[in-house]
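K.L.:
One letter stands for each residue in the lines below.
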Amino acid sequence: MTYLLHSAISVESLLAEVQGPERGGTCVFLGTVRSDDDVTAIEYSAYDDMALAEITRMLDEAQVRWPDARVTLRHRLGLIPVGEASIAIAAAAPHRDEAFAACRYVIEEVKKRLPIWKKELRGDGSAKWVEVHDH
Amino acid sequence: MGKVSVRFFARYAELAGCTWSAVNVATPATVADVIARVREVFPGTQAPPPRPLAALNQRQVRLDAAVSDGDEVALLPPLAGG
Chain A
1 MTYLLHSAIS
11 VESLLAEVQG
21 PERGGTCVFL
31 GTVRSDDDVT
41 AIEYSAYDDM
51 ALAEITRMLD
61 EAQVRWPDAR
71 VTLRHRLGLI
81 PVGEASIAIA
91 AAAPHRDEAF
101 AACRYVIEEV
111 KKRLPIWKKE
121 LRGDGSAKWV
131 EVHDH
Chain B
1 MGKVSVRFFA
11 RYAELAGCTW
21 SAVNVATPAT
31 VADVIARVRE
41 VFPGTQAPPP
51 RPLAALNQRQ
61 VRLDAAVSDG
71 DEVALLPPLA
81 GG
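Heads up: the protein sequence lines correspond to chains A and B, in order. Just so you know, we're using this note's numbering here: the first sequence kicks off at 1 and counts up by one. Just so you know, we're using this note's numbering here: the second sequence kicks off at 1 and counts up by one.
So here's chain A without its partners, still in its complex pose (with noise of 0.2 Å):
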């Protein structure tokens, strides 16, 4: 599974993975780059084994969590502008707390101990690491 893009995110083939006719209730997060600071866009760099490594282990506990949900996602590398996404994940359950408890497990997990850094680049040609849990 490749769960590391180049290319923007399709939500439509994440909610095919996960939805099923016993699964009513599916939740779908998704990461935007933000315009902060003059940002214009991000480019995002991973350590691609260790996070693809990372990834598996988060989904597969996440089903240990909750059997019953399909939980997936993708996290876009490279340079992303302004408004497109770097991450989405999508939940499915039979009923909506799972998929919520599920989707946002997922997303605490990946910002605790995914290795992706990102570069911040202004609109004034400056470029900036973002270091901090501020995000």
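Derived from the structure by calculation, the hints contain no laboratory data. Careful, some of the hints might be misleading.
[Said to hold, decoys possible] Stretches of chain A that chain B covers, calculated by requiring three or more beta carbons in the stretch to come under 8 Å of a beta carbon on chain B:
hint : stretch
1    : 46 to 53
2    : 62 to 73
3    : 117 to 123
[To be verified] Coverage of chain B stretches by chain A, computed from C-beta distances (three or more under 8 Å per stretch; other residues unrestricted):
hint : stretch
4    : 6 to 13
5    : 31 to 43
6    : 71 to 80
[As the list claims (entries may be wrong)] Beyond 12 Å from chain B on every Cβ pair, some chain A residues (computed):
hint : residue
7    : T2
8    : V11
9    : E12
10   : L15
11   : E17
12   : Q19
13   : P21
14   : G24
15   : T26
16   : G31
17   : D38
18   : P81
19   : S86
20   : F100
The beta carbon of each residue, even a glycine, is placed where N, CA and C say it ideally should be.
Given chain A, work out where chain B should sit, using these hints.
P.N.:
Just chain B now, kept in the frame of chain A:
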């Protein structure tokens, strides 16, 4: 004696001026020993902090984790995924 690969990412790669190096360390050794050895051998790698987040064979570990010949240690800047 063991040979350990060391990888640098994002800002640490810019600071170190490289994305990869390898060092020989006397075993038994820890991740902290590997980082200290890298900082001795490759002057550019002194720029990242001496006690960074680190991964051993693609899992985040404490700096006192034991390393073996052929292992891969990575110095990780503060994580910013999502």
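K.L.:
Look at each hint and say if it fits the structure.
P.N.:
Hint check:
Three residues within the 8 Å Cβ limit are the bar, and the stretch 46 to 53 of chain A against chain B gives 6, so the coverage statement holds. Coverage of the stretch 62 to 73 of chain A by chain B is violated. Counting CB-CB distances below 8 Å, 0 residues qualify, and the rule asks for three or more. Beta-carbon proximity to chain B at under 8 Å applies to 3 residues in the stretch 117 to 123 of chain A; the threshold of 3 is reached and the given coverage holds. Remark: the stretch 6 to 13 of chain B is confirmed as covered by chain A, as 4 of its residues place a Cβ nearer than 8 Å to a Cβ of that chain, reaching the required three.
For the stretch 31 to 43 of chain B, the assignment as covered by chain A is violated, since 0 residues bring a beta-carbon within under 8 Å of that chain's beta-carbons and 3 are needed. With 6 residues having a beta carbon nearer than 8 Å to a beta carbon of chain A, the stretch 71 to 80 of chain B meets the requirement of three or more and the stated coverage holds. Under the 12 Å C-beta cut-off, the non-interface status given to T2/A relative to chain B holds; the minimum distance is some 16 Å. Every Cβ of chain B is farther than 12 Å from the Cβ of V11/A; the closest lies at roughly 16 Å, confirming the non-interface assignment.
Residue-level check passed: E12/A sits 21 Å from the nearest beta carbon of chain B, beyond 12 Å. The claim that L15/A is not at the interface with chain B holds, since no C-beta of that chain comes within 12 Å of its own (minimum 20 Å). Against the 12 Å criterion, E17/A stays outside the reach of chain B, whose nearest CB is about 20 Å from its own CB. Consistency note on Q19/A: stated as away from chain B, and its beta-carbon is indeed over 12 Å from all of that chain's, at 23 Å minimum.
Look at P21/A: its CB is around 31 Å from the nearest CB on chain B, clear of 12 Å, so calling it non-interface holds up. Residue placement check: G24/A keeps its beta carbon more than 12 Å from all beta carbons of chain B (closest about 27 Å). The beta carbon of T26/A is kept farther than 12 Å from every beta carbon of chain B, the shortest such distance being approximately 20 Å. Distance to chain B contradicts G31/A as a non-interface residue, since its nearest Cβ pair spans about 5 Å, not more than 12 Å.
Under the 12 Å C-beta cut-off, the non-interface status given to D38/A relative to chain B holds; the minimum distance is some 19 Å. With a least beta-carbon separation of about 17 Å from chain B, P81/A lies farther than 12 Å from that chain, consistent with its non-interface assignment. Non-interface call for S86/A relative to chain B: violated, since the shortest CB-CB distance, roughly 7 Å, does not exceed 12 Å. The Cβ of F100/A lies farther than 12 Å from every Cβ of chain B, with a closest approach of about 17 Å, so its non-interface assignment holds.
In this structure, the earlier hints numbered 2, 5, 16 and 19 are contradicted, and the remaining ones agree with it.
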